[in-house]
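K.L.:
Position chain B relative to chain A; hints supplied.
2 protein chains.
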Amino acid sequence: MKIIIIGLGLIGGSIAKTLSSSKDYEIFAFDSDQNSIRNALDNQSIQGSLHSLDDLGNSKYEDSLVIISTPPGVTADILRSLNFLFNTSVTITDTTSTKTSLNKILQEFNFPENFLFSHPVAGSHLSGEKNSATDLFNRKSTILSYHGSAASQHVDRVTSLWDALGSKVTILDADLHDQIFAYSSHLPHVAAYALLNTLKGLEQDKLSDFSGGGLGEFLRLVSSSPEMWADIFTMNEKNIAIAIDDLIKSLDLLKDKIGKDPNSLQTFLGELKDFKESNY
Amino acid sequence: MKIIIIGLGLIGGSIAKTLSSSKDYEIFAFDSDQNSIRNALDNQSIQGSLHSLDDLGNSKYEDSLVIISTPPGVTADILRSLNFLFNTSVTITDTTSTKTSLNKILQEFNFPENFLFSHPVAGSHLSGEKNSATDLFNRKSTILSYHGSAASQHVDRVTSLWDALGSKVTILDADLHDQIFAYSSHLPHVAAYALLNTLKGLEQDKLSDFSGGGLGEFLRLVSSSPEMWADIFTMNEKNIAIAIDDLIKSLDLLKDKIGKDPNSLQTFLGELKDFKESNY
Chain A
1 MKIIIIGLGL
11 IGGSIAKTLS
21 SSKDYEIFAF
31 DSDQNSIRNA
41 LDNQSIQGSL
51 HSLDDLGNSK
61 YEDSLVIIST
71 PPGVTADILR
81 SLNFLFNTSV
91 TITDTTSTKT
101 SLNKILQEFN
111 FPENFLFSHP
121 VAGSHLSGEK
131 NSATDLFNRK
141 STILSYHGSA
151 ASQHVDRVTS
161 LWDALGSKVT
171 ILDADLHDQI
181 FAYSSHLPHV
191 AAYALLNTLK
201 GLEQDKLSDF
211 SGGGLGEFLR
221 LVSSSPEMWA
231 DIFTMNEKNI
241 AIAIDDLIKS
251 LDLLKDKIGK
261 DPNSLQTFLG
271 ELKDFKESNY
Chain B
1 MKIIIIGLGL
11 IGGSIAKTLS
21 SSKDYEIFAF
31 DSDQNSIRNA
41 LDNQSIQGSL
51 HSLDDLGNSK
61 YEDSLVIIST
71 PPGVTADILR
81 SLNFLFNTSV
91 TITDTTSTKT
101 SLNKILQEFN
111 FPENFLFSHP
121 VAGSHLSGEK
131 NSATDLFNRK
141 STILSYHGSA
151 ASQHVDRVTS
161 LWDALGSKVT
171 ILDADLHDQI
181 FAYSSHLPHV
191 AAYALLNTLK
201 GLEQDKLSDF
211 SGGGLGEFLR
221 LVSSSPEMWA
231 DIFTMNEKNI
241 AIAIDDLIKS
251 LDLLKDKIGK
261 DPNSLQTFLG
271 ELKDFKESNY
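Protein sequences, first through last, are from chains A and B.
In terms of this note's numbering, the first sequence opens at residue 1 and continues consecutively.
In terms of this note's numbering, the second sequence opens at residue 1 and continues consecutively.
Treat the hints loosely; a few may be bogus.
Where chains are identical, the list cannot tell them apart; a pair therefore holds if satisfied intra-copy or between any two copies.
[Said to hold, decoys possible] The calculated lysine-lysine pairs, modelled on DSS-like cross-linking and capped at a C-alpha distance of 27 angstroms, are:
(1) Lys257 to Lys238
(2) Lys140 to Lys2
(3) Lys200 to Lys273
(4) Lys260 to Lys238
(5) Lys206 to Lys168
These are calculated hints, taken from the structure and not from any lab test.
If we strip away everything but chain A, and leave its shape as in the complex, we get:
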């Protein structure tokens, strides 16, 4: 099967690198950054590159699988520009971590039967093709979201892709996906940025000698790409705003409990620890 990767960054590059060891796939890529393309050609993780997305209309790419793995903010434009492929034999998926705003574009096109959302829950604070790796998706979750209109051959093709990459596939409604990730992934990042903003406001600007490790683990979340996180926060704005309000309520609750009975505070913290140990 032919695979066309649009956006050869950490995710796209890792898909190419992992699948290139199998004879089952012929892999092509499109990226405006020619260094990434050249690097992937040199490593033989791709067999060729596209000059333009219009090339995908060529009969050579019939029945292929197109993966959009660009930064989230660009994905909407790419998706829209690929509308000439909607309801053809080509299968299209993405790798974006927010779905609601992309889903609106699909709705404009009456939910093409050959598009499915993919969200590989894998990544690194490092980005770019040069940091891609063959084990990025192995034993990690990938969430698929698709409309009832999705045709089974396209569902099977995308499912097989993530199986081949070693990923554990879960299916989730697109809206529920964004609600869940607002809490499980976006909110921890918001909290880390907010904590850093708080520290930045202090007179003492270097507190790492005074943190005992906990601070470092927290702040590592801020090492990821600001472009990617600005896109994710913007695309999932409504759910994240609700999650931030919930977090503020919990902070106020803790502040209140800290001022009261130490024993009931200890019980409260102990219950949270128990909850963590049963669920995380």
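P.N.:
Chain B in isolation, oriented as in the chain A frame:
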């Protein structure tokens, strides 16, 4: 030199274990948990144990160094009960991570010249003598805080202790210590507990498949002892309340920015990342 460790947990046990390899120290311990005492005797990390803190009045312990390394909430009581040693040839220090409330006790006793605060910025989410280790303090910071009344031989003795444990010693005013740690250490823990409380309130109670690692790093902070954290939060209540309010302001600021221009959001996140990389 004789060292007497009151409270043979992770910190006290690690002090004993590290110093026991040197001929310069004779190490005794007091702990209500006889298993910890027996374990440390078996490992030869201590040479003997005390039956009661009153034993410290014995001339045998003249010129010794007493280290209180009990849970923070117990330290205040121990400190008060050791008042018969104040202004003697015995040196006394602690290992607690909040100082203001203990400082009030010292004030009642007109700041004895033989007491200094120590805060080894080292730890683990594991606790107890059984998890103690010889490398716990190596290359870690230890903060000393002491009143102007502290006599130089006691300052030297405590400084030498942390030097021998491989720690990097910094001196900080007790009140400033608590203000700084409210942000650098206590606030990240408050945020982790608050995030967990937020997740606990959701219908979906297991989000670990949907987090990509960031959540796990965050929540690891909640693995520490609830007893210790309830004590720390309570003892540093006022500073932590201010820090929580600051964090809430930063969360509100971020929420506001997420609803506005994506480019300025990206710039804001990029500046925070730059600040982190220069300072942490």
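K.L.:
If you check each hint against the structure, which ones fail?
P.N.:
none
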